[in-house]
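J.: Start from chain A and add chain B according to the hints.
The residues making up each chain are set out below.
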Amino acid sequence: MTEKSEDFALRRRAIVKAILAERGGMLVIGGLGSAAWDITDAGDSPLNFPLWGAMGGTVAIALGLAVAQPGRRVLALSGDGDLLMGVGSLATAAVQAPRNLAIVALDNERYGETGMQETATASGVDLTGIARACGFPLAATIRDEAQFAAALPQILDAPGPCFFTIKVRAEKLPLVLPPKDGTELKQRFRRALLGTA
Amino acid sequence: MGQASAWPDDIFRVFRQADIRQVAYVPDAGHTRLINLCRDDNAIRAIGLTTEEEGVALLAGAWLGGQRGALLMQSSGVGNCINMLSLITQCRFPLLSLVTMRGQWGEFNPWQVPMGQNSGEQLRLAGTLVYPVDEASRIGETVEQAARLAFEGGISVAVLIAQRVIGSKTFGKSEQ
Numbered sequence: 110m111t112e113k114s115e116d117f118a119l120r121r122r123a124i125v126k127a128i129l130a131e132r133g134g135m136l137v138i139g140g141l142g143s144a145a146w147d148i149t150d151a152g153d154s155p156l157n158f159p160l161w162g163a164m165g166g167t168v169a170i171a172l173g174l175a176v177a178q179p180g181r182r183v184l185a186l187s188g189d190g191d192l193l194m195g196v197g198s199l200a201t202a203a204v205q206a207p208r209n210l211a212i213v214a215l216d217n218e219r220y221g222e223t224g225m226q227e228t229a230t231a232s233g234v235d236l237t238g239i240a241r242a243c244g245f246p247l248a249a250t251i252r253d254e255a256q257f258a259a260a261l262p263q264i265l266d267a268p269g270p271c272f273f274t275i276k277v278r279a280e281k282l283p284l285v286l287p288p289k290d291g292t293e294l295k296q297r298f299r300r301a302l303l304g305t306a
Numbered sequence: 398m399g400q401a402s403a404w405p406d407d408i409f410r411v412f413r414q415a416d417i418r419q420v421a422y423v424p425d426a427g428h429t430r431l432i433n434l435c436r437d438d439n440a441i442r443a444i445g446l447t448t449e450e451e452g453v454a455l456l457a458g459a460w461l462g463g464q465r466g467a468l469l470m471q472s473s474g475v476g477n478c479i480n481m482l483s484l485i486t487q488c489r490f491p492l493l494s495l496v497t498m499r500g501q502w503g504e505f506n507p508w509q510v511p512m513g514q515n516s517g518e519q520l521r522l523a524g525t526l527v528y529p530v531d532e533a534s535r536i537g538e539t540v541e542q543a544a545r546l547a548f549e550g551g552i553s554v555a556v557l558i559a560q561r562v563i564g565s566k567t568f569g570k571s572e573q
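So the sequences go chain by chain: A and B.
Per the numbering used here, the very first residue in the first sequence carries number 110; after that it's consecutive.
Per the numbering used here, the very first residue in the second sequence carries number 398; after that it's consecutive.
Hints are computed from structural coordinates only; laboratory data are not their basis.
Nothing false has been slipped in among the hints.
Negatives, chain A to chain B, calculated, CB over 12 Å:
(1) A118
(2) R132
(3) S232
(4) P246
(5) L247
(6) A255
Not the full set, but computed from the structure, chain A residues with beta-carbon under 10 Å of chain B:
(7) L160
(8) G166
(9) A169
(10) G173
(11) V176
(12) Q178
(13) A200
(14) Q205
(15) T292
(16) R299
C-beta atoms are modelled at their ideal positions from N, C-alpha and C, and glycine is treated no differently.
Looking at chain B on its own, in the form it has when it is part of the complex:
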C-alpha cells in the first residue's frame, strides 16, 4: 500500500474491494479524510451516529439485510460499545471497527488517557480480536486482513491505529 500520509486512502480502497456499503461513525480528527472519502462515494452510505454503540447495532442490522459495514471511532468511543458488543458475540455477527487512538503519544488532553490506554484490553474482554498498528504503511493491509477475518469468520475485529501514526501535530488546542 501507499506512502505514509495516504493511509486513509488505503483504508478506503480496502472498503471498496471488500464491498463495504455502510460506514457508521462518530467523528475523530484522525478519521476526517476517510469519513470524507466515504461521504463522497455513492456506493457507500456514511452514517453519523450520536454514540458509538448505535453503530454496533446498526451494522448488525446491515448484515441481517445482506450488507457489509465498518464502524469508525476514536478510542474514547470504545467504552460506549461494550454492552452492545454482546449482540455481536451472541449472534456471531461480523464487525469491523477502526479505532483511532488518543491518549497515547503526544496527547495534550489527559482525559483521553483512561480509554486510550485501556481500550484494547476492554475490546478483548468483550470478545473482539484486536490488531494494533503503529506504522502507516501497514494500516491498509491490516484493515484488509481484519475485514477478511470479520466477514468470512463472523467475528468482531478492531484495528487500533496508533496516535503516533496520526501525528500529534493534528491535535491542536482547537481540536477535540
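Chain A on its own, in the form it takes in the complex:
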C-alpha cells in the first residue's frame, strides 16, 4: 500500500451522514474519539451511544445490544485504533453471529485523537481480512464513492453479522461533541428504546 491516508478519497463525516440519514430505528454505538464525534455531527440522537472511553469495547457493546434487541438493526461504528484494541471481540461477535449486527470501521490508519500516529492498518494490517477469517459471512473494504453506494444498503439491511472497512481520509476535523455524562447517555437511550430508564 503506497497511497497515504491523507490522500484517501472518502471523507468520514460525509460517509457517516449518508449512513445515518437512512437509519430509521437503527441503534448506533459510536467508538471512542472521532467516530463518536462523527455520529454527533450527523445529528445527535437518543439512540446514539457515543463512547468517551471504553476503547476496544465498541463491538462488544454492540453485540450485547444486538443479542438483547434482535428485532432492531444495530450498528457499531468505530475507528481502526479502537477495533485493533478489541480485535478479539470480532471473534466473539462472529461466533454469536447476530443477524442484526453491522460493524463499520472508519479506517484512516491513524490514532486521530492523540496526534495522528499511524495504526497497524497503515502498515497493511487488514481489518476486513481479520473479520473474514473470524467468519463474518459478509466483509468488504470500501475505497471510493461507487463502492460505498453499493455497500450502503448492505450496511443498513444485509443479514449480519457484516463488517465493512471504509478507508477514510486522515484529517483533523472540528470537534462535534455529544453529551459527556454517561448516565445521561444511558438513560436517554433506554428511554427512547424501552420507554424506561
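T.: Just chain B now, kept in the frame of chain A:
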C-alpha cells in the same frame, strides 16, 4: 439453598429468578457446571469471550437493550477488566460478576497468586462492591443479594468464590 456440592445449581436458580438473559464468560474449571447449565438453557444466551473486558462491555450493551446479564471469570481475569470498568462506573451500568478464586488455597500454580491475592482490592479500587464468600451453602444467597444490588442500584458488584469452596482437588496438573 442446597447442599455444599450444589452451589453452581444454586447460582443457576438465582440467574433464572433474576431474569439473567446473557451470561458472558472466560472459562474457569470452577465455573464448568454453571457454564454448562447456562449453555443448555434456551432462555439464556451463553457467550464465550476472548478476554474478560469484552464481557464488561457486552453486558453494558445488554443493559442498553433491556436485558440483564452476568460475567463469569477466574481471578486472573479481573486484571483484564479494570479499564473497561470505567464504562460501568461512569454510566452507572449494573454489573454482576462471579469470580472463582485461584491462588488462595492449595494452589499448585504460583503464577495464579498475584491476581488471586489482590483481585478483591483491585475491583474495589475500580469502583466495584466485593462480596467474598467461602462457604458453599452461602453462595446462592450471596449471588441473589449481589444481583439485587447490581440491577436495582445500578452498581457493579462482584462475588468472589473462595478456592477453598471450589476444592483444590479440582486443580490437577492437567487443568489450568
